[in-house]
Each structure stands twice: as C-alpha cells, then as structure tokens.
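Q: Next come the chains, spelled out residue by residue.
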Amino acid sequence: MKKTLLSASAVCLAMAVPFGSVMADENADLIINGELEITVRAPAPAHMEGSGISEIMSGWVFRATETQAFEMDDFENPGMIFTEAAIDAWNTVEGEAGESCASCHGTPEDMAGVSAVYPRWNEGAGEVRTMTTQINDCRTEQMGAEAWDYDKNDMLNMQALLASVSRGMPVDVAIDGPAAETWEMGRELYYTRTGQLDLSCANCHEQNYGNLIRADHLSQGMINGFPTYRLNNARLNGVHSRFRGCVRDTRAETYSVGSPEFVALELYVASRGNGLSVEGPSVRN
Amino acid sequence: MSFTRRETLLMAMGTAFAAVVPFKAFADVDGDIAAFTGGAEIGTGGITLIAPEIAENGNTVPIEVDAPGAVSIIVLATGNPTPAVGTFNFGPLAGAQRASTRIRLAGTQDVLAIAKMPDGSFVQATQEVKVTIGGCGG
Amino acid sequence: MADNVTPRVRVPREAAAGETITIKTLISHPMESGQRKDGDGNVIPRSIINRFTCEFNGEMVIDVAFEPAISTNPFLEFEAVVPESGTFVFTWYDDDSSVYTDSKDIAVN
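Order-wise, the sequence lines are chains A, B and C. If you read the first sequence in this note's numbering, its first letter stands for residue 1, the second for the next number, and so on. If you read the second sequence in this note's numbering, its first letter stands for residue 1001, the second for the next number, and so on. If you read the third sequence in this note's numbering, its first letter stands for residue 2001, the second for the next number, and so on.
These aren't lab readings, by the way, just hints derived from the structure by calculation. These numbers come from a predicted model, not from an experiment. Ideal Cβ placement from N, Cα and C applies to all residues, glycine included. A few of these clues could be false.
Unchecked claim - Interface residues of chain A toward chain B, partial, derived using beta-carbon atoms under 7 Å:
| hint | residue |
| --- | --- |
| 1 | Thr194 |
| 2 | Ile213 |
| 3 | Asn232 |
| 4 | Asp249 |
What the hints assert, rightly or not - Away from chain B, derived, C-beta distances all over 10 Å, residues of chain C:
| hint | residue |
| --- | --- |
| 5 | Asp2003 |
| 6 | Arg2013 |
| 7 | Pro2045 |
| 8 | Ala2065 |
Take the sequences, apply the hints, and build the full model.
A: Okay, here's the thing in structure tokens:
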C-alpha cells in the first residue's frame, strides 16, 4: 500500500501510537453465515483511472480480526437487530392512503438489488435520489405518511433492511446520462480540500488508505457497507452523517445531511465502489 | 503570581490526593476479588481467558473465559472505574464451563478472570488488552 | 424503561442424547452504565440487564450476573448438555424490574 504522506495529513497521522498495527490479514475473505460471499476486493471502476487505485476494497478489509468477525454471522452482527424493527415498519399501514411498504412492494426480499443501484436518477423528479429521499417520497407521496428524518432511527433501520436483502450483489451505480452532472459535482467535492486542516476526501482515502491515522487504519472510504453499526456508538450510522463527521474532522463547517452537496458526494463515492458487494448493515469500529 | 505558604501547602496536599485517586480502582479490584474468594489463595492454570491483544474500540471487546469443571468464573476489568464485569455461575446442565460475551474497557488495562473450583480452590488468568485511540470520531 | 428490548436466541433444533450444544443469545438493550452524563451535565441513571439465566426442563445451565461493563446489546455464548427432549427457557432481568423471556424446544433423536 502507498506510504506517501502529505504534509497536511501528516498533522493527524503523526499521532500514531507505538504499538501500531491492528489490521487483520489483508487477504481475508468475507463470507457471512458460512454461505453468503461478499466481494470485498474488486478491480477499480474505469472512471477511477489516474486515481492511483487499481483495486478497490471494502472498509471491512481494514478492520481488526475481532471487528471483522462481528460481520461474519448475522446473529453476532448487532446491525441486524435493526432490520427486525424495519420488518415491522415495512408491514405497518401508515398515512392517509392506508398503505404499507408491503402493499406495493411485497416482501423486503422483493427489493433485492435496489440498494445496489442507489443513488439513482429519477426521471419524473428530474433529480438524483438517494435511498433516503426515495423512501421518503414513497412515504409522503404514495402513503400520505410523515417523512422520516434523514439518517435517523426509522430511516436507518429501513435502509439496513433493504441493504441486507441485497448483500452480495455488486454495487452498480449509474454515473452517465442525466446523473452525470450530479456525479461531476460529487467528484469535485471529493477532491476539494476543506477546513483548517485543509484536507480533501482524497487526501486520506485515496492517497493514504492503509496508513495509520492515530491508531486507526484509514480505509478507502467506501460506502458499500452502509448503514454501518459502529462499535464506537453502538448504533446504525448513515452515509451523510459519516460525511459530516469527516468534514468536521478537517475542522470545516459541514454541509447538512440530505443537502444537494452530500447527495452528489454520495453518488460519486458510491460509484467508486462499483464492483464491491452491497454489505450493509456492516460492522465497523 | 505568588503563593503564600498556606496556599503552597494546600496545593501540595491536592497533588498528593490526586496521586492517590487513580488507585481507587485497584482498591475496588482487591475488594471484588476478596468478595469472590473470601481471601483464599489464588493459583494459576486450568483457566483460559481469551481477549484481543489490541481492541479497535473499547466499547465492544469480545472476551471468552473457559475453566473446565469450575463452579463459577468472575471477570474484572482492572482499569475500569468500576472493575466488575460479570459473574458466570455454571449449573448442572452446563455443557462446558465456558462463556463468551462483549465488554467495555475504559482504556488499556489487564482483564482478570478468576474461577472457583468445586474443591473450593481458585485459579486466575489475566490478559492485557490495549485499547486504541480511534482516528476520526465520525 | 428501555425501548425496543427484544431477546434473541440461537439453539439447534435437535441433538443426540447427552450432546453438548452451543447456544448464542443477544438482547437489544442500551446497557446505560450510570457513568455517562447528558448534554446538561446530569448523570444518566444506570439501566442495565443485570442477570441472565438459562434453564433446561427446570434445571440450571448458566446463571450470569451482568455489570455495567457489559456492552450495549448484550451478547452471550455458552454451552449446554441436552439429556433429553425438552425446552430451554431464557430469562433476562432488567434494572427497571422488567423481565424478558424466550424459550426454544429441542428434540433428542
């Protein structure tokens, strides 16, 4: 892996503790419940040519053996707890139209593959939609129900459920056609330095993945495993909340969850994971 | 800034007090051990404690204790503000005197497991777990 | 009272007489340690699962005392001997005096 340190990122990388590496076997494979094979390494998609990354890797690869093990059995994955609550929500009639998710979409398993292609251009709306905005559109427009808060419990639970039924399927986010403009905006944001530390997404996750940031191994910043259960806060975490945390850590004012900037960034970052498996709800530190 | 003799003395006392406080947890550890063993001598061998050498996050650290034939096993996180973690009492239908769970560690420290054997003797095992400082809080 | 507390257990459906089986349990619970403070600096009161038991046909398999150092969503894995067909009963005891139970039948073949 690359060992180049940029002067700016060296500020936070310099604090690496002496006992160093907790990264597990770099060649470990992720198989869930002894049968569901998850692609955690794949050739980089064509649009990443020139990025210096030829192989894309799930964040799972960068975690310690014990953290990795949490995700290898659904019973031991605390993120799966939240999918159960979402199954109840799926079948619950809500709103003026007297509909539930199940009324139109059948079982959650019928949604296999959906998480793999989001964010996605919505022709009718003339915009790129994330899973969150799509789910909320269903709730407000089809069900006549209240929208769920972005990256909050109900929404994350449902996203975890929908991701779980797509696990093992390759992320395949479209970046051309009408989505191209949003994707370009996301790419621009990915390479834009922010904050007092003057860091872009790329400084850490493209140029320094595998290196230590304090005692953590920097990942490639892939989002194929979201929503993700973090041992740190013992709950599901959404993509935009993670973006916020990253931008805040550069000591910048951040964009809001659900903002057009973060929708664009989500599309771009998701597309960097094209070829990895959908892996949510994953477990990270 | 200048200090009177009295202030200096008070500060010195404060320093001495601060130096004592961190040992409070160890006093609790001794108390917890005594409560479990009744002050009996503790041997080694016959008990296994499995914990990661390095934990990526102190909030959720997987551990396993195993003491064939034991009546009960107590686990202490010696560096936590409250060291007690749990006590495993094995009944007649326990298939092994083994259990695994996930625990919280306030920082790098020794985890201690003590097993009570049927003859009233005690054995212990310790494992140091280094708890790492995360890079980005998120 | 803690919200959305749901116990889960994984037990094999069948076993040979006298076989030792592995049981996994997980209960969704915040395990509030009593050591944390809220945004206003007030201590959040302790609220944990403080005891777990597993019995088979009325006989004890394991009886565990949990302290606040047990992680959120307590997980426990242990082993049981299955002398005959019967029922495992799992019980979790909450600080707020709630009691959560689950049971699983197992057939000896």
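Q: Confirm or reject each hint.
A: Status of each hint after checking the structure:
no.	hint	in the structure
1	Thr194	14 Å, violated
2	Ile213	3 Å, holds
3	Asn232	5 Å, holds
4	Asp249	5 Å, holds
5	Asp2003	20 Å, holds
6	Arg2013	17 Å, holds
7	Pro2045	15 Å, holds
8	Ala2065	4 Å, violated
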